[in-house]
Amino acid sequence: MQRSTIHPVVSSALVALLLCAAPALTAAAKVGEAAPDFTGTGSNGKSIRLSDYRGKYVVLEWHNNGCPFVRKQYNSGNMQRLQKQWTSRGVVWFTILSSAQGKQGYATASEENDFLMKEQAAPTAALLDPSGAIGHLYDAKTSPHMFVINPQGVVIYDGAIDDKPTTDVNDVPGAKNFVSLALEQAMAGKPVETAATRPYGCSVKYADSH
Amino acid sequence: MLAFCRALTLGFAMLTCAAPALAQGTPIPHGTLELIAEKQWVSAGGAVDLGLRFQLDKGWHVYWINPGDSGEPPRVEWRLPSGLRVGAIEWPTPLRFQTSVSIVDYGYVDSVLLMVPLHVNADVEQAMAHIGAAVRLLICSHEMCVPGKAQLSLTLPIKSQAAAADAGTAGLFAATRKCLPQPWPAKWKFSALDAKDSFVLSANFQQIGRRIAQAIFFPLAESQIENAAPQELLPQADGFRLSLRKSDQLLRPLDRLQGVLVLSRDEAYSIDVPVSMPAAVRKQSR
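If you're matching them up, the sequences are chains A and B in order. At position 102 of the first sequence the residue is numbered 102 (the numbering used here), and the sequence of numbers has no breaks. Each position in the second sequence, counted from 1, maps to that position plus 1000 in the numbering used here.
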């Protein structure tokens, strides 16, 4: 055991920190690799398996209704517009709620259905993931955190919804939307120019968060 | 000496730059914010440090220049009279928040002073500078985040003679400076290697006997290091190696590794070193 000249209180704090910081990180979704398959339950009660949608583009939208970054996208109508625009072009859109019960962003099926109706949101389905299993599978860090998966089941985008990492609704109109760009470019047979960015938002309120 | 840098425990890291509470400040969600100056006036042709003084309610934090996996750093828009300009914020060494197993953020609790140098042209004629700062910020607890805005102002005389210290604020600025990351000691050498899935930061102290038991690297930019990954520390005879897992969002090689290396409550160093590729890879790329 090495002796340390560091003050003992700090030393134990550091040790506590390092122990706390030793997660069992599972294989997360990575751009260019196969999107991890999952089965989840929609707020409509249906069981949804990602691999059933092979052959279509799929968008995953991590969501927490209380988060100001999410509110920016919904209050402006932007998220709803994107959902309608892309689902009408055959893209499958899953809104995913990985907040644990009792934490901000958690919703029961009927609460989520009320939300979808009130907000006029139009995802293909809203998946309820309070255990965080799907969130951890994708290493979803924030709400929103967006993924785009191509018809071959490969992740082609992972990150922020756009290039204005703020809570200001005025930043929506001028923002470069990375999800739309990835879909447009991939559908045109071009490489996705911006395939990964830092997802910005509030931290996902996993069961283990503190 | 470092009375204002103190360690916190249990999931929060190492250094914080807290300062005694002052009475005033513009309200922000869960705290107050004020714009102060280190001196009583500024001289024409001179400079003075301004400071954005955050005082936060218990349980709430604001973010570092790189907020980490979530959050957003404070943003300032300055309104300055002509002939005056400000430099960049000098960010004190942040804390590391283990928000969840896979989410790590960087920021400040209790109170923090973000210092900003103000420069005044020599030919400025007005006797008073009316300085405005529009601040947008995000303040979060472990449960939620709240955006906030503050319009701050400060009137500072401009005189020809060198400025006198402001007794009310001088101590705070001096203490905060000690919490800024420092250049590393001249004898030390640092280098960084691209090791495929991670970067390896190597330190050489040029002497045997200095043992490092802990080290934490705070990346200055987003999407370079996996913030939540453990940073494996390998002590060497004359230094150490620190392994930093790459971020999944890092799709291109990195030219330089920039950030803050914290070794103890008294030691936080600014790191800015080129990243070299391993020799085998360099040969293949010819």
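Quick caveat, the hints were computed from the structure, so don't treat them as lab data. Bear in mind that the values here come from a model prediction, so they are computed numbers and not experimental data. Virtual Cβ for every residue (Gly too), placed ideally from N, Cα, C. Do not take every clue at face value.
Some chain A residues judged to face chain B by a derived CB distance under 7 Å, without partners named [to be verified]:
| # | residue |
| --- | --- |
| 1 | Lys30 |
| 2 | Cys202 |
| 3 | Tyr206 |
A quick look at each hint next to the structure:
no.: 1; hint: Lys30; result: holds, 5 Å
no.: 2; hint: Cys202; result: holds, 5 Å
no.: 3; hint: Tyr206; result: holds, 5 Å
When held up to the earlier numbered hints, the structure conflicts with none and fits them all.
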